[in-house]
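Protein chains: 2
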Amino acid sequence: MPDDATSNPHPVTVRSRTEADLQDPVFRRGVVALLGALAYGELVSFFTIVHDADTAPQPRDKVALARVAVHEFDHYERLVARLKELGVDPQETMAPFAKAIDTWHHRIQSSSWLEGLMKVYAGNSIATDFYRECAALVDPPTRSLVEEVLKDSGQTEFAKAELTKAIVADGTVAGRLALWGRRLVGEALSQAQRVAAEQDELTSLLIDDGSGHGFDLGELMRLFTRITDAHTARMEALGLTA
Amino acid sequence: MPDDATSNPHPVTVRSRTEADLQDPVFRRGVVALLGALAYGELVSFFTIVHDADTAPQPRDKVALARVAVHEFDHYERLVARLKELGVDPQETMAPFAKAIDTWHHRIQSSSWLEGLMKVYAGNSIATDFYRECAALVDPPTRSLVEEVLKDSGQTEFAKAELTKAIVADGTVAGRLALWGRRLVGEALSQAQRVAAEQDELTSLLIDDGSGHGFDLGELMRLFTRITDAHTARMEALGLTA
Chain A
1 MPDDATSNPH PVTVRSRTEA DLQDPVFRRG VVALLGALAY GELVSFFTIV HDADTAPQPR
61 DKVALARVAV HEFDHYERLV ARLKELGVDP QETMAPFAKA IDTWHHRIQS SSWLEGLMKV
121 YAGNSIATDF YRECAALVDP PTRSLVEEVL KDSGQTEFAK AELTKAIVAD GTVAGRLALW
181 GRRLVGEALS QAQRVAAEQD ELTSLLIDDG SGHGFDLGEL MRLFTRITDA HTARMEALGL
241 TA
Chain B
1 MPDDATSNPH PVTVRSRTEA DLQDPVFRRG VVALLGALAY GELVSFFTIV HDADTAPQPR
61 DKVALARVAV HEFDHYERLV ARLKELGVDP QETMAPFAKA IDTWHHRIQS SSWLEGLMKV
121 YAGNSIATDF YRECAALVDP PTRSLVEEVL KDSGQTEFAK AELTKAIVAD GTVAGRLALW
181 GRRLVGEALS QAQRVAAEQD ELTSLLIDDG SGHGFDLGEL MRLFTRITDA HTARMEALGL
241 TA
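Chains as they are written, first to last, in the UniProt record's numbering: chain A, 1 to 242; chain B, 1 to 242.
Because identical chains share one entry, a pair is satisfied inside a single copy or across any pair of copies.
Using 30 Å as the maximum straight-line C-alpha spacing, the simulated DSBU-like pairs for lysine-lysine come out as follows:
{"id": "1", "residue 1": "K84", "residue 2": "K165"}
{"id": "2", "residue 1": "K84", "residue 2": "K62"}
{"id": "3", "residue 1": "K160", "residue 2": "K84"}
{"id": "4", "residue 1": "K165", "residue 2": "K62"}
{"id": "5", "residue 1": "K99", "residue 2": "K151"}
{"id": "6", "residue 1": "K151", "residue 2": "K62"}
{"id": "7", "residue 1": "K165", "residue 2": "K151"}
{"id": "8", "residue 1": "K99", "residue 2": "K62"}
{"id": "9", "residue 1": "K151", "residue 2": "K84"}
{"id": "10", "residue 1": "K84", "residue 2": "K99"}
Simulated from the structure, these hints should not be mistaken for lab results.
Quantities reported herein were computed from a predicted structural model and do not represent experimental measurements.
With the sequences and hints as input, model every part of the structure.
Structure (structure tokens):
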């Protein structure tokens, strides 16, 4: 990893791409697929976070979570702008990911304010970690955009503080949230596998099939280990077992 | 009406306020109340428009309406910033208006995509017209802010185009939407009366009790006539009777 060590903190040994690589139709389709998945994810997050915000017990919390949602929408708009720059129809690009992402949100529909916060704290973070790893594989302008839209706008800290308060106030909450956290990570992995199996364009970006680009099997295992470890650390930070 | 004829297009003869008038506690409380009502309205609009967007038949429309909602949230944030500038707690300022505004939205809960669009096209426009008239009564910085947040960000045209398409495609839609439009204006007037009866601080801003500031009875009647006429014109533009 020579020149872009600062923008990619992980020990990934993949060969860096340049903007010129976008001339390669396979690579270009992979980048477009990644942006499409990310954009659709942000759009659905916007709707589900607004829905969760509406269940907030306090007006102040309602507004704080609405603000998180609005940030997601802004990210959506920027990803769509990049897709247009690359000359593709954003709606068509997002469509193949609708089923997996909708199913994920459908299966982890939160039934309370605290479950909604756990989706933000644990669920969004897993997705963010995964996409941030993928950012290492794309051209520099796309990478900057992806890293920028994945930047935490304070929502993780907000959700963590609220969850900590609730766990301290009522000991029985911890068990239920630990269970919910395990469900979030389980459903995330299951939908990620589904996408990996169905979306050749995305997997050809992520997996090195001998071209020297993408993750080899060892790197992929380390990547998932990092994501799982980070999830465990987040749960432990709340005093929960992952 | 001498110096501010450009910022107030209506033939209102109220005496203009200056920023120094904010030293007057009665005037200041009136301005704060107006901003509070407006801010709470924008916040609730954000949630209801997102809810309506979620019922859009096409992803494209879903996004277009979500974008309208995000604009409302931005307006909310700017109104709250002005309330903080004036040294008041935004949540406390909004609280007295929660019941009337919540009731309004509750009574006109749209049950379809087209009803949701009519809320944007007809309902929001009535509220906007009313607040724009009120802007004539406040200090210049507050007036600029109110006028700016009331600026149409394309949502009325978007809703109008969609509604026109639907009416052309299916003649039976017209009758139902005409009925819905009448309900929107009826509920708006009824909640406005409720606020006027309950919120002394706001009415003391709007109504001239002999101080020379605020609308006298004749001006108030003309104001409501203008708002009703504008509503009728909007309905007729869709080929509907108001």
